[in-house]
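Protein sequences, first through last, are from chains A and B. Every number in this note's numbering is 102 more than the matching position in the first sequence, counting from 1. Every number in this note's numbering is 1057 more than the matching position in the second sequence, counting from 1.
Just so you know, not all the hints are guaranteed correct.
Derived pair list, reagent style DSBU-like, types lysine-lysine, alpha-carbon separation capped at 30 angstroms [to be verified]:
1) K1195(B) <-> K110(A)
2) K1195(B) <-> K1131(B)
3) K1254(B) <-> K1314(B)
4) K1131(B) <-> K1200(B)
5) K1314(B) <-> K110(A)
It is worth saying that the hints were derived from the structure and are not from the lab. Please read these numbers as outputs of a predicted model, since none were measured by experiment.
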Amino acid sequence: MADITAPKLSDAPALRRVFEQTLWRRLVILAAFALAWELYARWLDNALLLPTLGATLSALWSAILSGELPNRTLTSLRVLVTGYALGVGIAAVFTALATLSRWGNEALGLLTSMFNPLPAIALLPIALLWFGVGTPSLVFVIVHSVLWPVALACHAGFRAIAPTLLMAGRNLGLSGGRFVAEILVPAAFPQILSGLRIGWAFAWRTLIAAELVFGVSARSGGIGWFIYTNRAQLETASVFAGLLTVILIGLLVESVVFRSLTRITVQRWGQERT
Amino acid sequence: MNVAPRLADLAGDAASPTLLTLDRVSISYPTRDGTLTAVEDVSLALSTGERLVLLGPSGCGKSTLLRAVGGFLKPSTGEIRINGEPIGAPSPDRMTVFQEFDQLLPWRTVLGNVRYALERGRSLSRREAEAVARGWLKRVGLKNFVDAFPHTLSGGMKQRVAIARAFALEPALLLMDEPFAALDALTRRQMQDELLKLCEETGSTALFVTHGIDEAIRVGTRILALTPHPGRLAATFDVPPGSRTRGTTAFAELEQKIQQAVFADPELDHG
Chain A
103 MADITAPKLS
113 DAPALRRVFE
123 QTLWRRLVIL
133 AAFALAWELY
143 ARWLDNALLL
153 PTLGATLSAL
163 WSAILSGELP
173 NRTLTSLRVL
183 VTGYALGVGI
193 AAVFTALATL
203 SRWGNEALGL
213 LTSMFNPLPA
223 IALLPIALLW
233 FGVGTPSLVF
243 VIVHSVLWPV
253 ALACHAGFRA
263 IAPTLLMAGR
273 NLGLSGGRFV
283 AEILVPAAFP
293 QILSGLRIGW
303 AFAWRTLIAA
313 ELVFGVSARS
323 GGIGWFIYTN
333 RAQLETASVF
343 AGLLTVILIG
353 LLVESVVFRS
363 LTRITVQRWG
373 QERT
Chain B
1058 MNVAPRLADL
1068 AGDAASPTLL
1078 TLDRVSISYP
1088 TRDGTLTAVE
1098 DVSLALSTGE
1108 RLVLLGPSGC
1118 GKSTLLRAVG
1128 GFLKPSTGEI
1138 RINGEPIGAP
1148 SPDRMTVFQE
1158 FDQLLPWRTV
1168 LGNVRYALER
1178 GRSLSRREAE
1188 AVARGWLKRV
1198 GLKNFVDAFP
1208 HTLSGGMKQR
1218 VAIARAFALE
1228 PALLLMDEPF
1238 AALDALTRRQ
1248 MQDELLKLCE
1258 ETGSTALFVT
1268 HGIDEAIRVG
1278 TRILALTPHP
1288 GRLAATFDVP
1298 PGSRTRGTTA
1308 FAELEQKIQQ
1318 AVFADPELDH
1328 G
């Protein structure tokens, strides 16, 4: 039987490839935004309302050098990772139960439609009653913010798998845990990944908001607490530095962690277009 | 009621042992508007080495019947036996090649798809599975594409992978559910020829579903025509090896004969 040969591709010029990259356009937009901020802040000339970009960056720099901001960030991230991992783990268990039984399916459907629209922050008073002021309360609201969107996405992903693919898997005699791990999870991975992404964004937002409301004990506060205390002391530049940190960490996780994960999985597999 | 004589009549080659028997199989399922009978009272027997084609227009239940043989759905009444044993859940012993291109695992390469099937379906070690998989991919002409992911392949190439995967598992019975229906006419003809060659080389036993008369004559040793709504057996045609070559008078005559017997209504021609 004749072998099929691959078509030949020619390379685009190197310079054109650089300019076609989205990174380039993003940097231009970012620079324009930074310039607009600096100019407007200088024209306004009110450091209490809107510090200049330069003042914000120098506040950021000194907060990093003093070790206060890195410490606060680490505290926030530690709580975040705990809550995120716990939320994703519980979501996996819930989805497994929902996939294995009809009752589980109904239960998950009902619970997600009840709790998904409930903002995690609204549970903070309950969390304070149950767990008191401190990390357990933060973890509780983060778990709530992660669990439902992730479970919803996984469940929807499982249900959207092409019936032919399921039959092809069953044809190999697969069943139970192996079928779930080797067929269902990878087949639903585009939705699972987008669920993890949404879950991350929700968790990060919820954490910062909760830290702001909290007030906690000053020693163990995170970035939210850093922002809150600086506002109370009218250190607006430091408030902006805190916000910048929140944005930067969000961007970093999104563009490094999730984008790489997307590239080496669903884009490589053709389940999502590049 | 004694159905044994009827089954014996239906068996094509008396010399080979009977591999698969369908005994008065009916399949119906509930729909919103009531119970739909897709297949009614079908009995047939398939001997080892035979390639039986179920031919019929859309809605004659031929694919439903094939899924039942695959174990993906249960007949409402009647019994399906393989080697005398009632069939159970889907098993690599009855490998199906589906019509849809998404039967391959998108997260595995071409080689990965076939190798994984061998690891799970035939419990081969990774190294053995890889060697067997490479051999089969070479046989279907995909030697240069072993590391490609399925989404980068054309429809015809995806079906080649699915065919390689099915043959590699050395099933007792190959099930083909219109594997070439979604391909263009030129590719389809080429794939039919190549499939015929593989079947003859391996002496595989196959149950093949199609709505194309020419495809049925090309790949089958025996053709069972079904009528639609509900699916019933209408007529049987033997395909002598001399009639299997396109462009010959024997091929054209058999095609004409089946055409007149089954697709009396010209609207139904070629589904």
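(request) Would you mind confirming whether the straight-line C-alpha gap from K1254(B) to K1314(B) stays at or under 30 angstroms? (result) Within the cut-off at roughly 25 angstroms; holds.
(request) Decide if the proposed pair is consistent with the structure: K1131(B) and K1200(B), CA atoms, cutoff 30 angstroms inclusive. (result) violated (38 angstroms)
(message) Check the hint pairing K1314(B) with K110(A) against an upper bound of 30 angstroms on the C-alpha distance.
(response) violated (47 angstroms)
(request) Take the C-alpha atoms of K1195(B) and K1131(B), compute the straight-line distance between them, and say whether it is at most 30 angstroms. (result) violated (36 angstroms)
(request) Assess, step by step, whether the Cα of K1195(B) is no farther than 30 angstroms from the Cα of K110(A), and give holds or violated. (result) Roughly 21 angstroms separates the two Cα atoms, so the pair holds.
Violated hints for the displayed structure, listed by number in ascending order: 2, 4 and 5.
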